[in-house]
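Participant: In this text, residue positions in the sequence shown follow UniProt numbering: the first is 1, and each later residue adds one.
Be a bit skeptical, because a hint or two may be false.
[As the list claims (entries may be wrong)] No more than 27 Å apart at the CA atoms, straight line, and that leaves these computed lysine-lysine pairs for DSSO-like:
#1 Lys38 <-> Lys213
#2 Lys2 <-> Lys21
#3 Lys170 <-> Lys129
#4 Lys164 <-> Lys129
#5 Lys213 <-> Lys129
#6 Lys164 <-> Lys191
Treat the hints as calculated values from the structure; they're not laboratory data.
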Amino acid sequence: MKLHTKDGSQIDYQIYGSPTKPALLLLHGNNGSQQDFKAYLPLFAHDFYVITQDARGHGQSTNNQLQLNYQLLASDLEELRVAVNIPTWSILGYSDGANLALRYTLDNPAHVHALVLNAPNLTINGLTKPIVLIASWVEWLLGKLRNIHPFFEARWQQTGLMFKTPGISKRDLQAVMAPTLVLVGQFDFIKRRHSLNIAHALGNGTLYVAPFKTHLFIQFSPLVFSNIVRQFLKEH
């Protein structure tokens, strides 16, 4: 399905399950797409009305703007919510998708029931130094290649999101009153102190550190991950 945004971009999205169930929006990470949640659809669709989407400039979605930023992506989500006629939804966001979930919630608090934030980071300094160095090199390389083919242009814009903040302060986090689970792996490349600070600053936040898991926890352990998410959302 396609959402035509106000600027003419097209957002590709899919819906699974019954509309009588609580709505759950799944937001993929940087350089990802809604296909990243393929293993989760049978795990979530029994209990939730599941909505997935390719963020603007990712996957099958287009982008008519020169640059990507979280405010723009959040406005797309609100257009999507209105289009599918969902009063409130819970949001599961992975990595950059978690950052986007926070940005959207601050802009549209009345429409968010609960949040599961898997490995969010509010600034690039929330990542370990080796990852920052690798990401910087990749962005530089893609910048050199961006005029060769649209693929490289899209990847350059996507990677550039890692260096853009969602514009969220500690005071902003305190205003997020939706029940929120900050979920990270024990060996995540998001700094533990950064995750802890986010969880503590939230108005209603909880931190869970998954033993022996990495930043790819969501990709490699769908059954374990989905059970944690489902339990949290059922309790809230």
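Participant: If a hint holds in the structure, say so; if it does not, say that too.
Facilitator: These are the hints, each one checked on the structure:
Proximity of lysine 38 to lysine 213 is assessed by CA-CA distance (about 20 Å); at most 27 Å being required, the pair is judged to hold. Restraint check: the Cα-Cα separation between lysine 2 and lysine 21 comes to about 22 Å, which is no more than 27 Å; the hinted pair holds. Between lysine 170 and lysine 129, the direct Cα distance comes to roughly 22 Å. Compliance with the 27 Å bound is thereby established for this hinted pair. Straight-line distance between C-alpha atoms of lysine 164 and lysine 129 comes to about 16 Å, which keeps the hinted pair within the 27 Å bound.
Of the pairs offered as hints, the one joining lysine 213 and lysine 129 holds, with about 19 Å between alpha carbons and a cut-off of 27 Å not exceeded. Of the supplied pair hints, the one linking lysine 164 and lysine 191 holds, its CA atoms being roughly 17 Å apart against a limit of 27 Å.
Hint compliance for this structure: no hint is broken.
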